[in-house]
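*Asks:* Since the structure of chain A is provided, determine the placement of chain B on it from the hints.
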Amino acid sequence: MSPAAALPETGVAAAIRARLAGFVRTLRMNGFAIGLAESRDALAILAAADLSRPTLLMPALRTLFATRPADWERFPEIYRAYWSVRRTGMRVTTSGASRKGGLDIRSWPGPDAKRGEEGAPDRVTRSEAEDHAAETEDDAQSRRAGGSRIESLAHTDFRHLSDPSEIEAAHALAERLARRMRARLARRERVARKGRRLDLRRTLARAAERGGEPLDLVRRRPRRKPLKLVVLLDASGSMSVYSATFVRFMHGVLAGFARADAFVFHTRLIQVSQALRERDPVRAAERFALLAQGFGGGTRIGGALETFNRAYASRTLTSRTAVMIVSDGYDTGEPEILAREMARLRRRARRLIWLNPMLGWRDYAPAARGMKAALPHVDLFAPAHDLASLAALEPELARL
Amino acid sequence: MTAPLDRDAIAKRLVATGYVPDRDLAVALALMQRLGRPLLLEGEAGVGKTEIAKALAAIHDTRLIRLQCWEGLDRAAALYEWNYQRQLLAIRAREGHDARAVEAEIFSEAYLLERPLLAAIRQEKSPVLLIDEIDRADEEFEAFLLELLSDFQVSIPELGTIAATSIPHVVLTSNATRELSDALRRRCLYHYVDYPEPDREARILLARLPGIDAALATQVARFVAKVRREDLAKVPGVAETLDFTASLVGLTDLRDDPEAVHDALIALLKTREDRARLAPEVVARLVEASA
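If you're matching them up, the sequences are chains A and B in order.
Here our numbering = 1-based position in the first sequence + 279.
Here our numbering = 1-based position in the second sequence + 168.
No lab work stands behind these hints: they were computed from the structure.
Any given hint might turn out to be false.
As the list claims (entries may be wrong) - To give an idea of the interface, some chain A residues facing chain B are shown, with a C-beta separation under 8 Å as derived from the structure: (1) V303; (2) D320; (3) A323; (4) I324; (5) D329; (6) L335; (7) T342; (8) L343; (9) W351; (10) E492; (11) L494; (12) L496; (13) R594.
Unchecked claim - Negatives, chain A to chain B, calculated, CB over 12 Å: (14) A292; (15) L340; (16) E488; (17) I549; (18) R648.
Think of the CB as a built atom: it goes at the ideal place given N, C-alpha and C, for glycine as much as any other residue.
With the rest of the complex left out, here is chain A:
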């Protein structure tokens, strides 16, 4: 049924159409994925006598436009804001929200226009150096300088980076490192997986029992579940020097890893997978900043893990999931809670990795109470203060 035919082209119809278009725009700004087909169907709903009654219109449009639980929950509020009080009070999310403390996302650079060629070098850092060098090759001298600068970047603690261009270079490297890591892991995964095809060799062997007729069909075993990664990032004040780099790293990992989830925690836990799946790093950063808003002081790692275990673990963890916690272990909550929740998490995850940037400091010993409580449950406790230590993670992930 064509809505154009259902609605005669009158002033009223045009007004309704314009109003609906505005509503669709509002929803899109709030992250709803709405295509042309949905808009057309919405017009059909407005034209249908039994569904356009005021009390039924909201549920009808909701069932059409919402596609996931979070949207389902928010829809009535957005609907009321748009259709009844249109003037003000509309809680529309727009880009460029300002915020204080935590991660400095807005200082992130523009979209990553350049894409290095896909090689598989043994030493990631060196090839990144060459990559980078190739971009500035007009000037031989600056190329050499650029190369060595990147080389040293790999081993510079993130907190010692102060020059904005250095910081940006480190972020870009972290992102590309993550992409490369992901590409290589995905390849191993493909090689390891086999379809559920007929296993001819074993079928024929079995046929001998049946007088040469292959009556018993043998199939290859079902393939393994794909690898999955869940990252929990500490975004508290004590981690702020490192967080921005890790957000970029997480974005790189999530960009193509079909199965990955990301969460950020501070005083509470927020799922950021959707935001970080945004293709454009700048838009991803904006959405991320929006989600991370309202973070207060103090870090409750134990509480955040408890939330994760209760609300998200069952749907995000599979038997082939690695959980990566990135935190310095400074927990303002009770260490007992942290220990208990770590134990629960350990039971459900395949591997539990804790990255602690401070581990890279020369005379650091994990003395923080939280860190002590968590350590017994961790499979791998590794430093993550520079790019080289991030690169060293790949073989660990591959062994899952």
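*Replies:* Chain B alone, transformed into the frame defined by chain A:
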């Protein structure tokens, strides 16, 4: 397809089939029929998603064809498969015949094993196709399903393209164990199924357990709603409430027999931790608050 029912007619027929719908479900079902889109139902396990598909089949007075998804589900199990064993026997039995005739014979419909998806598009009357727990299937299967749901035709290389004789009413359910693709979500209408509110749950109890006292049904529904708010590993669904209540038939007030209530809890709480968490005092407090 029969003429679309309007929302009120659907609501009325749902009640007539014994299903107690939540307020907005009838709207979703009416839309589904009018727009010809599949309906995606999401919600915790045990909130009655599958029941909705059964009720839909009942109100349209048609068959329910169910495809249960699992990890590794492929086209052979979901769509069609050749009956290889029969084909092999047929070849052996016709040895010496014209090879081409034998080939035409063994790749005919008689040797085709129809699986749910193929069956669903070859019915006389539009059936309800329930694709249960789509989140358990692999992403590849999801993509394939998306294609089928937009074209409603199947191409079998040896037989040619089979077009749908009737477009099924498609209901998909998901427990959100995995994130579904945006493409699939956009293709579908969406309805989030929550645990029923106490009022509705009491009506469900009365509809399903005719012998039950109305006051008890109200009390149990309130009690269960409170239990669901406790921090449990496995939150009881509607089926658990039904079992729990069935073992209390004869009672008119939960406060009369704490022991019976305690014994009946095994129907409601299915893990040891949850049983330990709801100590008798806690249960007594919840019962008191539900009266």
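*Asks:* So, for every hint listed, does it hold in this structure?
*Replies:* Now the hints, each set against the structure:
{"no.": "1", "hint": "V303", "result": "violated (13 Å)"}
{"no.": "2", "hint": "D320", "result": "holds (5 Å)"}
{"no.": "3", "hint": "A323", "result": "holds (7 Å)"}
{"no.": "4", "hint": "I324", "result": "holds (7 Å)"}
{"no.": "5", "hint": "D329", "result": "holds (4 Å)"}
{"no.": "6", "hint": "L335", "result": "holds (6 Å)"}
{"no.": "7", "hint": "T342", "result": "holds (4 Å)"}
{"no.": "8", "hint": "L343", "result": "holds (6 Å)"}
{"no.": "9", "hint": "W351", "result": "holds (4 Å)"}
{"no.": "10", "hint": "E492", "result": "holds (6 Å)"}
{"no.": "11", "hint": "L494", "result": "holds (5 Å)"}
{"no.": "12", "hint": "L496", "result": "holds (6 Å)"}
{"no.": "13", "hint": "R594", "result": "holds (5 Å)"}
{"no.": "14", "hint": "A292", "result": "holds (19 Å)"}
{"no.": "15", "hint": "L340", "result": "violated (10 Å)"}
{"no.": "16", "hint": "E488", "result": "holds (14 Å)"}
{"no.": "17", "hint": "I549", "result": "holds (16 Å)"}
{"no.": "18", "hint": "R648", "result": "holds (25 Å)"}
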